[in-house]
Structures are given as C-alpha cells and as structure tokens.
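J.: Single-letter residue listing:
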Amino acid sequence: MPTELIAMGRLVIGTLRDLAPIVLVVAFFEIVVLQQQVDNLSTIAIGLMFVMLGLAIFIRGLEMALFPLGETLAAAFAKKGSLIWLMLFSFGLGFGTTVAEPALIAVADEAAEVMAKGGAIDNDEVTRDGYSTALRYTVAVSVGVSLMIGVTRILLGWPIQYLIIAGYLGVVVLTAFAPANIIGIAYDSGGVTTSTITVPLVTALGVGLASVIKGRNPMIDGFGLIAFASLLPILFVLMFGIVVGA
Amino acid sequence: MMNTVAQLADMFLQTLIDVAPIAFIMIGFQVGVLRQNIPHLKQVLIGSFYVVLGLTLFLVGLEKALFPIGETLAKQLTDPAFVGGGRAADTLDWTDYYWTYLFAFAIGFATTIAEPSLIAVALKAQEVSGGAVGAWGLRLAVAFGVALSLAVGTFRIVTGTPLYLYMIAGYIVVVIQTLYTPRVIVPLAYDSGGVTTSTVTVPLVAALGLGLASTVPGRSALLDGFGLIALASLFPMITVMGYAQIGEWRARRKSAAAEQTTRDTDSDSATGTTAEGQSS
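Chains B and G supply the protein sequences, listed in that same order.
With numbering that gives the first Met the number 0 applied, the first sequence corresponds to residues 0 to 245, in that order.
With numbering that gives the first Met the number 0 applied, the second sequence corresponds to residues 0 to 279, in that order.
Incorrect hints may have been included.
[As the list claims (entries may be wrong)] Think about it this way: if two alpha-carbon atoms lie no more than 25 Å apart in a straight line, the pair counts; the simulated BS3-like pairs of lysine-lysine are:
| no. | chain 1 | residue 1 | chain 2 | residue 2 |
| --- | --- | --- | --- | --- |
| 1 | B | LYS213 | B | LYS79 |
| 2 | B | LYS78 | G | LYS41 |
| 3 | G | LYS41 | B | LYS79 |
The set of hints was computed from the structure by calculation and includes no laboratory data.
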C-alpha cells in the first residue's frame, strides 16, 4: 500500500506540469489583457486540486486496467484465431462507444437545428429528432467500420498511408457533391467520436495485436486505429448529407 | 460542500453510464466468446474503478475551476466591444482580432497538454518505441498543432472563408509530409489527430467558435461555429510529422557533424528555415 501511495503522489506532482499552462494562460488573459479581478479563487483552487487528483488517479487506472485489458484482449483474440469474432468485437466496440457519446449527441442535435433552420428538413420536433438520430447512428456505424478496417490493416500489414490518403481523396470528392450546410458538421464529426476511455483501450488493442502477430511492428502497425475512427465519420456524414439532401 | 458531493455523485454516475457500453462489450466477449481468465483480475478491477473515479474528479474539477472562467474569457475576448475598443462592430477588420487569435492559440496549447487521452497515447508510444518517441515531446508537438489550428480556425471564422479550403490544403500538406517522414512515426501522427479533441478542449473550443460566430457581423453561429474541431484534428498530424522530421534531420546533422565539424557554422542559418517550413 505505501508504494501505491508513493506512486500516486508522484503522479499528482507530475500533473502540476500538465496543468500549469492552463493556469498561466487564463491568469494572463484575465489579469493582463482584460484587467479583471478573478472571483471565487477558493472554488478555483479546490477545482484545480480535483483536476490534479483526478488526472493522477486516471493515469494510474490506465496503467493498471485499460492498457493491460486491451493487450489481454488482443492476445486472446489472436490465440482464438477467429477473424469473425474479432471483426464483430471491433465493430461492437466502435459502435457501442460512439452511439451514446455526449459530444456526438450535442453535435447531432445542433446539426438537425441547422438543417431545420436552413429549410433542408421540416422544422418540427419529430423530423429533427429523426434527423439527429439518423446522423448519430451514421457516425456510430462509421466508427465501427473504422475499427474493422483498422484491425484488418493490422492483421494484413497494409501500410496506413495509402488507405488514409484514399480516404482524403474520398472526402475531397464528396465535399464537391455534398450540400454546403453539412460540410462543417461532417468535418467536425471526425473529432468528437473518440472518447477518453475508448482511446487508451483501442490503442492498447492495436499495439497488442501488432505485438502478437508475427512480422508486425507495434510502432508501424499497432498505431492508426484512431486515425480511421476520425476519418471515416467525415466520409459517412458527407454521404449521409448527399443521400438525405437529394 | 454538500453541493460538491452531489456534483461528484452525479458525475460519477454519468461516467459510469458512459463506460457501460464498453464494459458490456468487453464482458460479453470475455464471457461468451473468449472464455479466458483475465490475468490479475483484481488489479484490473481496481484500475477500472480508478479510471472512472479519476475521470469523475477531473471533470468535476474542470467544471468548477476551468470551464466557467474559460468560457467567460472566450466570450469577452470575442466581444466586439473589447475587440474594437468602442468602435462599431461592422467597422472591424480581421487584424483587430489579434487578442482572439492569441487566446485561441494559447488555450488550444494549454488544454491539449492536459488532455487525458493524449497522455495515454503518448505514454503508450514512449513504451512501444522504447523511448525513441518521448511522451512529453509528442504532447508538445500535438499541443502546438492544436494551438495553430485554433488560431487559424478563429481567423477563418472572422474572415468567413470556407472551411473546406483549409481542410484540403491541410490534407495536401499531410500527404506531402507523409512521403518524407520516417515511416515509424506516420501511424502515430495520424492517430494524434483524433485524440486531441476530447474532454478538456472541446467545451472551450465550442465556446470560442460560438462566441466568435455569433458576434462577427455576417456570420451564423450555427453554420460558422463548426469547423474548429475539424482543424484541431488535422493540424496535429502536420506538427507531429514535422517534429519527427526535425528530429531525424538533427540526428542526421549530428552524425554528419561528427565526421566533419567545420561545416557546422554554415548549416546553422539553414536550421531555422527548415524547421519553420516543416512545422507550419
């Protein structure tokens, strides 16, 4: 137990470095640029302590649970040797973690509002809800498919750049055909899909797979799953815009 | 005090709900398909509890300390009354918004350094590369990318130029850099685009984008407020590859310098231009 406390204490001190920039930036703009008094200093101090402690505990949990779990799963799937289950798992993980993501729900609702105001869809609650839900499921499916493609790439050892560059070309071409008001939403949807718990897990899964499969390099083949999960939603949402807008 | 406890309980529950689908899938496959014992199960369970507890404290702390003040700052620094110093909003030029750009840059950098998912990927990259990729260096490179992207993104909203032009230009730079970057770093660089924008950055970036788009004359908050996150997922790829290219270039220079020390002074002036060209 004491070693555990010492490790945690070290992590808490380490977070000072992570949070110092935020404190400095806010203080500079508040005091020097806007020349305002900072209110509620005690609340802020308590909040910052929470942030430090939370970050330290999270990092500890990361090393104890999320990283080993991702690696254990990768090893277990490789041992089982069943491609179908691995694909199902990848899709399920991507879809399941995205469909309820709060940031995605917010963006989808906002998108429905934009569309209703622009006259692209009827401005009543049922239509807007339907649109927002359809968009959300589109993104969730796209993230599920991303992980499937990403895992396939690791298994087969394809170089990532060709796939990603092909994806970019797709984005550029689809942008030309997509309705103007969906473009910003589509581009943003790539960034909101990957949550704080999914990222470490998926990264560990990819690196784990690349380490247990012969001939794969964890650095070259293991990373890249997140990259697909941020690119494919753009493509899918642009297509969604073309299909729904037509 | 009671308030804080209630807030913590609330957030803990919310985080549990967010984790539920992941836990469900993992347990389902573990029990139904893989049927293998998880090694160090006790440690994994404690660790999972730590993850939820840590995120809870982190998010409650952010809501207490950072988000209110950050959002107010974003609103104030995009307010035409502050930007123009009393001039009418429609007489403002894009150059008047320099504090906004600077704030966007600074807050983008600062929030990215504190982003937990980036910390996770950086730790993993350092471990996998055997220390060749430093966690701190990677985080600095990504943070610099997000900072640049927000400065450019706010400039885009102020000038009202279309987002896709910036995205396509960024894609072209990424493709060209991919050709010249050490191959081991490419997948990591591509990943770094997606991990930057989560818990800390998104709420503040949204406040910034909405604040700007609703106050700059002729912009629609709903249409032009989007796009900051998109750029923030693109630029880190460019800076991470740039960081790797600079690293490789310096390593090459070092080995060249070991053979021939006299040429060192000559290439020093070239250092600045190359480094700048690659990272911007």
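J.: Hint by hint, note whether the structure agrees.
T.: Hints, one by one, checked against the model:
1. B/LYS213 x B/LYS79: The given pair, whose Cα atoms are some 15 Å apart, holds under the 25 Å limit.
2. B/LYS78 x G/LYS41: The hint holds at about 23 Å.
3. G/LYS41 x B/LYS79: Answer holds: G/LYS41 to B/LYS79 is near 24 Å, not above 25 Å.
Of the numbered hints given earlier, the model fails none.
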